[in-house]
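*Asks:* Residue strings, one per chain:
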Amino acid sequence: MIPIPPPRIRNTGLPRPRAALTAGRRRHWLAALLMVAGTLSAALGGYALSHAVAAERRAVERLAAENRALAGTVRALDAELRVRMRLPQLQRWNDGILGLKPIAAAQQLGSPLLVARYLLPETEAPPAPVPAVLAGPAPAAATHPLQPAAREGGPRAPSSGEARGPSDPARAMPPAPAAPPAAPPAGRAGGSGPADRGPPPSGLLRLVEAEAVRLP
Amino acid sequence: MPAGHFHAVARPGLRPPVPRVGLRLAGAQQQALGVARQRLAAGILLFAGLVTVIALRLVDLAVLRPEGPGRPPPAAPPLPRADIVDRHGALLAATYHAYALAVRPRDLSGDRAELARRIAAILPERPADAIAAALRHDGPFRFVARRITPEQARRLRDLGEPGLVLEREPDRLYPNQRLAAHLVGHVSIDGAGAAGIERAFEARLTDPARADLPLVLALDARVQQALESELDRAMARHQAEGAAGVVLDAETGEVLALASLPAFDINRPGAEAGRPEHINRATLGVYELGSTLKPLTVAMAIEAGVIASPAERYAVAPIRVGRHSIRDIHRRPGPLSVPEVLIHSSNVATARMAEAMGRATQEAYLRRLGLLDPAPGELPERGRPLAPAPEAWGLSSVMTVGFGHGLAVTPLHLASAYATLVNGGIRRPVTFLKVPEGKPVPGVRVFSAETSRLVGAMLRLAVTEGTGRRADAPGYRVGGKTGTAEKLRPGGGYDRRRNIASFAGAFPMDAPRYVLVVMIDDPKGAAETGFSRSGGAVAAPVVHDLVLRIAPVLGVLPDPAREPDLSALAGLYTPGTRR
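Going down the list, the sequences are from chains A and B. Per numbering that gives the first Met the number 0, the first sequence starts with residue 0, numbered consecutively. Per numbering that gives the first Met the number 0, the second sequence starts with residue 0, numbered consecutively.
Among the clues, some could well be false.
[To be verified] Which residues of chain B face chain A? A few of them, derived with a C-beta cut under 7 Å, are:
{"hint": "1", "residue": "Q37"}
{"hint": "2", "residue": "A93"}
{"hint": "3", "residue": "S228"}
{"hint": "4", "residue": "P559"}
[Stated by the list, open to error] Derived CB-CB ranges, DEER-like:
{"hint": "5", "chain 1": "B", "residue 1": "Q238", "chain 2": "A", "residue 2": "V82", "range": "29 to 35 Å"}
{"hint": "6", "chain 1": "A", "residue 1": "R56", "chain 2": "B", "residue 2": "D128", "range": "52 to 58 Å"}
{"hint": "7", "chain 1": "A", "residue 1": "L29", "chain 2": "B", "residue 2": "V58", "range": "27 to 33 Å"}
{"hint": "8", "chain 1": "B", "residue 1": "A310", "chain 2": "A", "residue 2": "A115", "range": "44 to 50 Å"}
{"hint": "9", "chain 1": "B", "residue 1": "A314", "chain 2": "A", "residue 2": "Q106", "range": "43 to 49 Å"}
[Stated by the list, open to error] Now the stretches of chain B that chain A is said to cover, found in silico as 3 or more residues with beta-carbon under 8 Å:
{"hint": "10", "stretch": "41–55"}
{"hint": "11", "stretch": "168–180"}
{"hint": "12", "stretch": "468–480"}
What the hints contain is simulated information worked out from the structure, not anything from laboratory work. Note that the structure is a prediction, hence the values are computed from the model and not measured. Heads up, the beta-carbon is just placed ideally off N, CA and C, and yes, glycines get one too.
Excised from the complex, chain B in its bound form (with noise of 0.2 Å):
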């Protein structure tokens, strides 16, 4: 041990005497020594300016600014679903963080029935006995109401009732209530998708990576109004069971509305579930929808070498096969020529050519426009069509299904077809997306570009010399045919006294660009028509109103002045015939 001096001084008091230690070195060593006192000094400042520092800090924080920093307003959730818009951009689909109102039963204080009675005050529209049961619930945990606004739910919180939860909760918001119901679909409960475009893109709406990009579809919000207004009039003018609708574009087989009446508000789809409204009528019933194909009808027969020429005569004379007879509603003298055919809708002579056409021919043609094979486009609710079984797929069926009866398709199948008939003949897949601008939209060839052009010239002509002249919109050049069917009975047969009226078509004739497919379900017709049931009294006039409407949007200008070619079939009818 190093040698050392010690020198201890003793001070009075109680305390015994502490000794005070000196250490005096010599030389190098007592430098060191004082160093490193000088560097135990430093580290006791640097604490001390440390310790003096977070106190200042303190002191700022509670005395000079004791609201602090301020807390970031608390950050919502991410959406779980993305927005669904129309081809525009218009909303129709959108996610909330709404509130929802539970009850924790065994952490409530106080009088239950008292707080019922403040809750149902608060909340009117929540049946105050569901209330009353939920306090009461013999559970941890039970919701109370959901979708409450943030009104409601501030008033809630400041009763004060612990038990009380508000808890956030994502829910889906419709804007348009009933608009194109059936087509967006709703979610469940649980925010799954349940129907219509909600539950057919239910991974590509809940996938995280694209939640903040909206599913834009091909609809047309204006035109969908357009097309339920028209729809919705004509089923109080008629008192209808039911319509539906279909409006498509030929060249992309974008589906720029869809409706489905009577509908429902897919904000509230529990409370009206398993009702008639639920079901979707232009892509799930199928209906026969009568002399609407007639013309696909005369295409074919045109495309299989059948009607050689349009200056083809048909003897229009009442049929018999087996125990069916087949005879014309709209009776003409003499044969008629193709487009007078269309013109007059002959039932006997759309035989004739189905006829000559045969089963074979007929059901390859049925197939390739896609009307043997479920609903086209994305949705879920796709219904397959009724068409007569192999083995009963007789003459009778043939000739039958040539003039629209014994073949039950969906609205949506018959558009699809027409927009194949009018495009040039090419069946292009139908869709409720939207197509890129200027995308090309590849297709299949089922007519030739002649064919679709002349049985699209006479189209116009069933329009301004036949059955569907109601629907001719001045300056718009809609062609289309018109269809009358009786209605199934449930036990069998066809009820006489319960028709489907319809209309399928086009516009602008000249140029086809958009298809039109209206439907009717048990019209009873009304005083300015006679109380006449037929496509033509019904559905027509609904065509001409919504072609007026809509043309404007679609950009479609009306030029009185402009026809399609008619040249091919001048002289093969006669003007005014029906007028």
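Pulled out of the complex, with its shape left as it was, chain A reads as follows (with noise of 0.2 Å):
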């Protein structure tokens, strides 16, 4: 126990000096309130701080949360797209209206680059007035697209003038070489050189119209 030295009597005559008193207590009391303020300080910051990161939990939960709920959704909302989408759906959309059928072996191409033969400029395979082919009897090497003497007899390349206005009403509608009313998917389908080269897809466009008209 530490002893407590007995206290002093003072000198009751001489009262201390007010200003060295005054000041004494100034110090202490600055002291002190430097001391409550950089402990409010401490705790309000670190109160501040405790509360900023709390509520960038909350917000990284909350989003968390939200991206389950709205994954939620987002599954709900694809399970009915693909209710909606069901494959027998859309065999009954094909069977009762569009009636698409699977396509035929001819018609697939084996390399992209075939398909550059229906870009083929006009003086390679000229359109022809095909109505007039499709009516009439044809020559017999004209049946065929891919017989050469039917490509030597055709029309010249309608950059000519004869193509804009033949004089000759005979060549108005001669037969057209690559007029295919006897086979044409058989014809495409069985060659692949350069004679096999359709006409452009209006000239299959005025073929399939001549086709419907010439049928019964």
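Hints in hand, dock the two standalone chains.
*Replies:* Structure below.
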């Protein structure tokens, strides 16, 4: 136990100077104030920091929860979409409305380069007035588009003046070397050489229209 | 006790004067006392500050932000069952959290009949009587309806009835409904796998560690849809009782499609439980598939040395074994070469080959092909073949099994055997799971590569020249064999008026990759085929249409100019004899 010394007897006749007393108290109060302010600042700072971290954590958790909820919503929507686009339903639409059929072997091209055949200049395979060819008796040599003779007998390139306004009426409806009314799919399916090149798409359209007219 | 200086100041009032005690010490003690007072003041201030901070925070929460920081949306519980997808990721089965309506009858308030009417208006698919009965239930809890939509759940919640309970429960959804119903299977009301893949892979699907990883099947949903569509069309055209089909990858053993018709909606399996639709005809039902077994007999005979050369000729005159008479349906004059045996589907010639082979060889090869074991694959629904009993497997059985009678197997059995036949002679395990790209699949050699190539060429001839010509999809080099077998009567014997029409084959035969088996159960025939009920008239056209649809999907390019190497069979058949 620490012994406490006895109190000293003050000299009661001489009060302490007031200025010294005030300065001491000020120092003490100032130190106390600084200590309190520091403590408060540290506490508030710690609390604010902790609060900020907690807020960030809550925000992250909230975002994660929202993500989970949205993932669930996306999953539900995806399921609904897949139900609506289910294969049996697509099949029913095709059977009942669209009527699409699988492509035949002759409709498939072995290489993308073969698509270029349809983009050849018209000098290679000039379109002919197909309706006239289909309506009349075509020469035997012109029934197959692969026959070189038929190609030679065809009109010249449409860049010439004759192509725009032929003077010979007989040449106005020449036999179409590229018109394949006999067997166009077979011709394309069976051949692969340059003579197998068909007419441009516009010619094909006219051919289809003519075929539709010709059929009963 | 230390001495001190006390002085008290009396205050006027009713209360007794409280002595104001002051302590004045000398020297260092007085300073210590001052410091203690300062510290006490600091503690009080600190405490007051903390109280102030808490009060400010409360004001912040209660006044400035009365809505609070907001509660995150309730996290859905983890899904208890993994998804099932096809080989390209198309969803076949998924789990979602559905709503279920339950009732605590003792907590209900108000008129129960009126409440039942209001619930029935919200749930029109649920019988009103069942709803009313649930509300009158004499128990603490009862389900009223399950699998209700969120909109219906909201309207039910708006009723405000405290006795109604809306629960979230995991439920299984099959977006494609009837597609691959028997293969995918379904779950019970408790969420456990009850059939098909759902049952076969129960442990994998419910493994929490892999709940986020879907189970990837070998199935291709597009091929499956094409198969089911064509089978369904054939069933309607021929008024058939049922149909089954398999598309198998001969190189890997993967089942790309497996169909059994009629099918059922696996989202509601309970309503149709126990009906014939639930029978998986492709893996569980066993059928005598007739002449589709003949190419296997030919391969066995070649492999066993019974057939030394495809130029060997076999007489086709009817033969009698015991009380059975074996004769050809498509009778041709003269002895037939080996390819002609398959072209004309000669029962007599294949019976003679089997006879020359003997029971031991035949049984050994059937076993190596898996035709005497339960159906291959992981499905729990696996049929056991019906083979002659060991004591009854005599000469007659050997000969009838040789041309496809007396042995009943599943279509999956036959597909696996044909895969072995055309892929070079190696039997690989059949699997419903996707095999990683490039991963070699080990197998067991059953036939030599030369035998496989030779019989493959004959299969191509059986299509171009034989009974299977209606299966010849132009450009895709289909090879295969038709089969027609009479159905067994329940009491024994065969029913001549009811057939099993089948086709087993592969394409493209120059490099066989995909095996097809189509089986139509009890077709009645159609006008366009002269009401024929044979495999060539009923099953072969299905293969034709099916190949045209699935070959582009599977990446098989058509090439009308390409054919398998038929040079070994040149001169052994007369082209165009059946046209």
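*Asks:* So, for every hint listed, does it hold in this structure?
*Replies:* Results for each hint:
{"no.": "1", "hint": "Q37", "result": "holds, 4 Å"}
{"no.": "2", "hint": "A93", "result": "holds, 6 Å"}
{"no.": "3", "hint": "S228", "result": "holds, 5 Å"}
{"no.": "4", "hint": "P559", "result": "holds, 6 Å"}
{"no.": "5", "hint": "Q238(B) x V82(A): 29 to 35 Å", "result": "holds, 31 Å"}
{"no.": "6", "hint": "R56(A) x D128(B): 52 to 58 Å", "result": "holds, 53 Å"}
{"no.": "7", "hint": "L29(A) x V58(B): 27 to 33 Å", "result": "holds, 31 Å"}
{"no.": "8", "hint": "A310(B) x A115(A): 44 to 50 Å", "result": "holds, 48 Å"}
{"no.": "9", "hint": "A314(B) x Q106(A): 43 to 49 Å", "result": "holds, 46 Å"}
{"no.": "10", "hint": "41–55", "result": "holds (count 6)"}
{"no.": "11", "hint": "168–180", "result": "holds (count 6)"}
{"no.": "12", "hint": "468–480", "result": "holds (count 4)"}
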